[in-house]
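Chain residues, written in single-letter form:
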Amino acid sequence: MYTQDPSFWKAGAIATTLFMSAVLVALTIDTLRQISPGGPRVPSYDVINKAVTYEYDPNQGGYVPKIGAEDLIFGRKYSGDQAAALLAKGKLVIQSRACIDCHTFFGNGAYYAPDLTRAWMDPIWARYPGPKRADRLAKFLMSPLRLGARPMPNLHLQRDEAEAVVAYLKWMSSVDTNGFPDRFGAPATQ
Amino acid sequence: MYRSQRLGLKYLTASTVMFGAMIAFGLLSSVYYILPGFLLNVFNFSTGKIIHIDGLVIWLLMGFIGSIYWFLPEELDREVEGIGLAELLFWVFCAAVAVVVLVFIFVQYGTAGEWSMWFINQGRKYVEAPRWAAIGIVVVALVFAYNVIATTIKARRTTGILTVLIADLVPLLVLYFDAFPEMTNMSQDLFWWWWLVHLWVEATWEVLIGCILAWTLIHLVGASRRVVESWLYVEVAMVLGTGILGLGHHYFWIGTPRYWLAIGGVFSAFEPLPLLGMVVHAVYDAGTHHLQAANRPAFYWTLAEAFGNFIGGGVWGFMMTLPQINMYSHGTQWTASHGHFAFWGAYGCGVIAVFYLALAKSRGCDGLDGRAWKWSFALLNVGMLGMVGALLVAGIDQAFFERAIGGSTWSAYLSMQGRPWFIESMWARFVFGLVFACGYAVLVYDLIAIGRREEAGVQEAVAVAGS
Numbered sequence: 001m002y003t004q005d006p007s008f009w010k011a012g013a014i015a016t017t018l019f020m021s022a023v024l025v026a027l028t029i030d031t032l033r034q035i036s037p038g039g040p041r042v043p044s045y046d047v048i049n050k051a052v053t054y055e056y057d058p059n060q061g062g063y064v065p066k067i068g069a070e071d072l073i074f075g076r077k078y079s080g081d082q083a084a085a086l087l088a089k090g091k092l093v094i095q096s097r098a099c100i101d102c103h104t105f106f107g108n109g110a111y112y113a114p115d116l117t118r119a120w121m122d123p124i125w126a127r128y129p130g131p132k133r134a135d136r137l138a139k140f141l142m143s144p145l146r147l148g149a150r151p152m153p154n155l156h157l158q159r160d161e162a163e164a165v166v167a168y169l170k171w172m173s174s175v176d177t178n179g180f181p182d183r184f185g186a187p188a189t190q
Numbered sequence: 191m192y193r194s195q196r197l198g199l200k201y202l203t204a205s206t207v208m209f210g211a212m213i214a215f216g217l218l219s220s221v222y223y224i225l226p227g228f229l230l231n232v233f234n235f236s237t238g239k240i241i242h243i244d245g246l247v248i249w250l251l252m253g254f255i256g257s258i259y260w261f262l263p264e265e266l267d268r269e270v271e272g273i274g275l276a277e278l279l280f281w282v283f284c285a286a287v288a289v290v291v292l293v294f295i296f297v298q299y300g301t302a303g304e305w306s307m308w309f310i311n312q313g314r315k316y317v318e319a320p321r322w323a324a325i326g327i328v329v330v331a332l333v334f335a336y337n338v339i340a341t342t343i344k345a346r347r348t349t350g351i352l353t354v355l356i357a358d359l360v361p362l363l364v365l366y367f368d369a370f371p372e373m374t375n376m377s378q379d380l381f382w383w384w385w386l387v388h389l390w391v392e393a394t395w396e397v398l399i400g401c402i403l404a405w406t407l408i409h410l411v412g413a414s415r416r417v418v419e420s421w422l423y424v425e426v427a428m429v430l431g432t433g434i435l436g437l438g439h440h441y442f443w444i445g446t447p448r449y450w451l452a453i454g455g456v457f458s459a460f461e462p463l464p465l466l467g468m469v470v471h472a473v474y475d476a477g478t479h480h481l482q483a484a485n486r487p488a489f490y491w492t493l494a495e496a497f498g499n500f501i502g503g504g505v506w507g508f509m510m511t512l513p514q515i516n517m518y519s520h521g522t523q524w525t526a527s528h529g530h531f532a533f534w535g536a537y538g539c540g541v542i543a544v545f546y547l548a549l550a551k552s553r554g555c556d557g558l559d560g561r562a563w564k565w566s567f568a569l570l571n572v573g574m575l576g577m578v579g580a581l582l583v584a585g586i587d588q589a590f591f592e593r594a595i596g597g598s599t600w601s602a603y604l605s606m607q608g609r610p611w612f613i614e615s616m617w618a619r620f621v622f623g624l625v626f627a628c629g630y631a632v633l634v635y636d637l638i639a640i641g642r643r644e645e646a647g648v649q650e651a652v653a654v655a656g657s
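Top line first, the protein sequences correspond to chains G and B. Numbering-wise, my numbering puts 95 at position 95 of the first sequence, and it's gapless, one number per residue. Here my numbering runs 190 ahead of the position in the second sequence, where the first position is 1.
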C-alpha cells in the first residue's frame with residue numbers, strides 16, 4: 001500500500017514544509033513593514049519628545065499606548081537623527097549590561113526583575129526624588145535603590161548611558177503590544 | 191570503533207561536563223530567589239543565569255553533534271570524511287567554551303560599545319556569547335556539516351534519515367546567523383531573535399532529535415528502518431507543519447500585528463500532535479518489547495524522552511500558549527516551568543539515551559543494566575518534576591495576583607515576590623534542584639562505571655585467546 005512507502009510520507013513532509021515556509025515569508029514581509037519605526041505599530045524614535053500614556057480603548061477591547069502633546073526629556077528636543085542615535089546607544093547599554101538576563105522586554109527575558117515594557121510610565125517613579133520622571137529614572141539607574149525583595153546591582157552606568165536607557169524605555173512604552181500587559185497601572189504624574 | 195565514534199564519545203563526555211556546569215549555575219541562580227541580596231554586585235543573578243541557559247544550549251548541541259558522529263559511520267559503513275579537522279575543532283570548541291565561561295565569570299559585563307559585543311557579552315538571551323565565540327560556533331557547525339555531507343557523497347548512497355538530517359542542517363546553520371545582529375528596534379530584534387530561538391528549538395532541533403532517535407530505535411530495539419523512516423517523515427511534516435507558524439505564539443506581544451494572535455494560537459494548539467505521535471510510537475515499541483531491551487538505561491531514557499517531549503513541550507506549552515492565557519502567563523515563572531520540562535523531555539533525555547547506547551558498544555557489552563542508572567533515572571526525573579511543579583505554582587500565582595489582579599506594575603511584581611506561595615515555591619524549586627543534582631552525580635558515576643566489568647572480561651578473554 002502506498003502509505004507503507006516512506007517516499008509517500010517524504011513528499012508530504014517536503015510539501016508541508018515548503019508551504020508553511022512560504023506563508024511565513026509572506027507574513028514576515030508584512031510584519032516587518034508594520035513594525036518598522038514610524039510604521040503603524042511602532043512609533044518613530046522622536047516620539048521621545050511627546051507624552052506617552054497607556055489607556056483602555058473600547059474599540060480594541062484592550063489597552064493601547066496614546067501619544068500626546070510635547071513632553072521633553074532632559075530638557076531638550078531631539079531631532080529624528082538625534083533620537084535614533086540616542087536610542088541606538090540605549091539599546092547598546094541594555095545589551096552590554098545584559099538587562100534581559102534579569103528583566104523582561106515585552107515579556108521576553110528573565111523573570112528575576114520586573115518587566116520593562118511600560119517601565120517608563122510605572123507609578124513607582126512618583127516615590128523617587130527628582131524634578132521630572134526622566135531624571136528620577138536616570139538617577140535610579142546610576143545608583144539603584146533597593147526595591148522590595150529585589151535589590152538591583154550597580155552596573156556602573158555613566159550619566160549619558162543612563163539617559164540613553166531612559167529614552168529607550170520611553171520609546172518602548174509607545175509600542176502597540178496588543179494590550180500587553182493588561183490593565184497596567186495608571187501612569188504616574190510628573 | 192571508527193575514529194568518528196571515538197570523537198562522538200568525546201563530544202558526549204564534554205556534553206555531560208557542560209550538563210554539570212548548567213546544573214551548578216542553575217542551583218546557584220535559584221539561591222538568589224530565596225536569599226535577596228545574595229552576592230549582590232559581586233556575582234549578580236544575571237551572570238549565573240547566563241551560564242545556566244547558555245550551558246543548556248551548549249550541552250545539548252555537543253550532545254547532538256556527538257550522537258551524529260557516533261551514528262554516521264555505522265549508517266554509511268565508512269569513516270567520516272575530514273575526521274582529522276573535526277577532531278581538531280572539538281578541542282577548539284571546548285577551549286572556546288571555557289574562555290567564554292571564564293569571561294562571563296570574571297569580567298561579567300562591559301560598557302556600551304562594540305568591544306563588549308565582540309569580546310564580553312552580546313546581552314541577547316541564549317546568545318550572550320561574544321561575537322568571536324559565535325563565529326567559532328559557526329565554524330564548528332560548518333565543519334560538522336561538511337563531515338556529514340562529504341561522507342554521504344563519498345559513500346555514493348544515502349538513507350532517509352540521513353537525507354532529513356542533511357536537509358535540517360541547512361536551516362540549523364542559517365538561523366544561527368541571527369546570533370550576531372545589534373538592532374535598535376526591540377520589536378524587530380525580538381522578531382528575528384525568535385526565528386533563531388523558536389525555529390531552532392521547536393522546529394530544527396525537533397527534527398534533529400527525531401533523526402537521532404530514529405537511529406537509536408534501529409540500534410536499540412532493531413526497529414524496522416522502513417517503519418522508522420516513514421514515522422520520521424510524518425514527524426517532520428507535523429513538526430514543521432505546525433512549528434513554522436507556531437512561531438506566531440511568540441509574536442503576540444512584541445509589537446507585531448494582531449493577526450499573529452490567531453495564527454500563533456491555532457498552530458500552537460496543533461504543536462503537541464507530532465509529540466503525541468512519538469508517544470504512541472514509544473508505547474507501541476515498549477509494548478512490542480515487553481519493556482525489555484538489552485540496553486535497559488538507553489531504552490528507559492528513550493521512553494522518558496518521548497513522554498517528556500509530549501508532556502513538557504506539548505502539554506505544558508499548550509497550557510500557557512493561547513493568547514487569552516498567555517496575556518497573563520507570559521514572562522512569569524510559568525514560562526520557566528515549561529522551559530525546564532520541555533528542554534529536559536525533548537532533548538536532555540534523548541542525549542543521555544544515546545550516551546548509554548554508545549557506551550555499550552565502546553565497552554564491548556551486549557547489554558547494559560545495573561542499579562546506579564535506575565537511581566540516577568529516578569532522581570533526575572523526580573528532581574525535574576519537582577522543579578517544574580514548583581515553578582508552575584509560582585507562575586500561576588504570578589499570573590493571577592501580579593498580572594490579572596495586580597495590573598503588572600513594578601509594585602505588583604515586587605509584592606508578588608514576597609508572597610508565601612511564591613517564596614515556598616522557590617524553596618521547593620531549590621530543594622528539587624538539589625535532588626536533580628544528586629541524580630546527575632549518580633549519572634556521572636554510572637556513565638564511568640557501567641559495563642566496565644564486562645569490558646574487563648572481554649579484554650581478559652581476548653588475552654587468553656591470544657595466548
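To be clear, the hints were calculated from the coordinates, so they are not data collected in a lab. A virtual CB, placed ideally from N, CA and C, is assigned to each residue, including glycine. There's no promise every hint is true.
Which bits of chain G does chain B cover? Going by a derived footprint, with three or more residues having C-beta under 8 Å, they are [what the hints assert, rightly or not]:
no.	segment
1	16-27
2	31-39
3	97-107
4	128-142
5	168-181
Hint by hint, here is what the structure shows:
1. 16-27: holds (count 7)
2. 31-39: holds (count 6)
3. 97-107: holds (count 10)
4. 128-142: violated (count 0)
5. 168-181: Contact hint for the segment 168-181 of chain G vs chain B: holds, 8 residues under 8 Å.
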